[in-house]
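Asks: Read off the chains here:
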Amino acid sequence: MPDLGTYALPVLSSYAVSLGLLIAVIIASVWKARRVRAQLENVENRRGRSA
Amino acid sequence: MASIWEYANPRKFMATSAALLPWTAGVAALCLVTGLVWGFFFTPDDFRQGSTVKIIYVHVPSAIMAINAWLMMLVASLIWVIRRHHVSALAAKAAAPVGMVFTLIALATGALWGQPMWGTWWEWDPRLTSFLILFLFYLGYMALWEAIDNPDSAADLTAVLCLVGSVFAVISRYALLFWNQGLHQGATLSLDREQNIANVFWYPLVITLAGFGFLFIALVLYRTQTEIRARRLKALIAQERMA
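For the record, the sequence lines run as chains F and L. Residues 2 to 52, numbered by the working numbering, are exactly what the first sequence covers, in order. Residues -3 to 239, numbered by the working numbering, are exactly what the second sequence covers, in order.
Hint data in this document are derived by calculation from the structure and do not stem from the laboratory. C-beta atoms are modelled at their ideal positions from N, C-alpha and C, and glycine is treated no differently. Check the hints yourself; a few may be wrong.
Claimed, not checked - Restraint-style ranges between C-beta atoms, simulated for each label pair:
hint: 1; chain 1: L; residue 1: V202; chain 2: F; residue 2: R38; range: 34 to 42 Å
hint: 2; chain 1: F; residue 1: P3; chain 2: L; residue 2: N146; range: 33 to 41 Å
hint: 3; chain 1: L; residue 1: R7; chain 2: F; residue 2: Q40; range: 13 to 21 Å
Claimed, not checked - Restricting the straight-line Cα-Cα distance to at most 35 Å, the calculated cross-link-like pairs of lysine-lysine (DSBU-like) are:
hint: 4; chain 1: L; residue 1: K230; chain 2: L; residue 2: K8
hint: 5; chain 1: F; residue 1: K33; chain 2: L; residue 2: K8
hint: 6; chain 1: F; residue 1: K33; chain 2: L; residue 2: K230
All chains, please: the whole structure from these sequences, using the hints.
Replies: Structure, rendered in structure tokens:
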């Protein structure tokens, strides 16, 4: 760990905020993709059965 | 040679983006880890800024990508308006939350850097203010997509909003040149060797910037795939209701 001196709080906070937001947008994207894919498969299966 | 317009076909886009996605995501992860670890652990303090110089490795790439994301949305929106390709409208929609996050990171890390260096979290400086307005445009753009049920109308209206917001994307980048005032310093990355930052900071910064760029591409490809599926889902449900 580098010696950040008196600026440790702003530097570490900047990295925490940035990585947190990047991880959040990745998780949100994956979560939405899985939900939409599951719903689409559900509807397509339903239509396949009724056809 | 294949025409770029082939990718307006959702099937072609899905197949191509599925092949590209692992590579772009992999390169993004590699560049981000390399650049951030190098910048955080293995670069010296600046003689004026001290260790706060390490904030540039997250602030500068996110700020650059926040503006570039909006410009990508502008190009995609114009393609929709002119050629009516649904995939381009959906790509613009998919890019907005990613660009919004980049803008938020730039604003937050700028405030965290500004407090110890300028003595204030915020200043109504031309660049900061135009960036805040760009952030509000991102929120408005996303809200407008959600507010309109008809996807073609939503694409039309958001394209107009994107065109208007582009003024602030451009101002965010060139505010310093236009007004030459405010607290914010000039460009960190410059082709002018006198203005450009020292090489010891430049190398990890450029690698991190590449990481943010590839992350943006990977997320937009992935989220556009989701939007294409969501559009098909909506169409199938509408067909079922009609039957």
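Asks: Each hint needs a verdict: does it hold in this structure or not?
Replies: Results of checking the hints against the structure:
1. L:V202 x F:R38: 34 to 42 Å: The hint (34 to 42 Å, Cβ to Cβ) holds, given that V202 of chain L and R38 of chain F are roughly 36 Å apart.
2. F:P3 x L:N146: 33 to 41 Å: violated (54 Å)
3. L:R7 x F:Q40: 13 to 21 Å: holds (20 Å)
4. L:K230 x L:K8: At roughly 20 Å apart (the allowed maximum being 35 Å), K8 of chain L and K230 of chain L satisfy the hint.
5. F:K33 x L:K8: holds (22 Å)
6. F:K33 x L:K230: holds (15 Å)
Consistency with the previously given hints fails for number 2 only.
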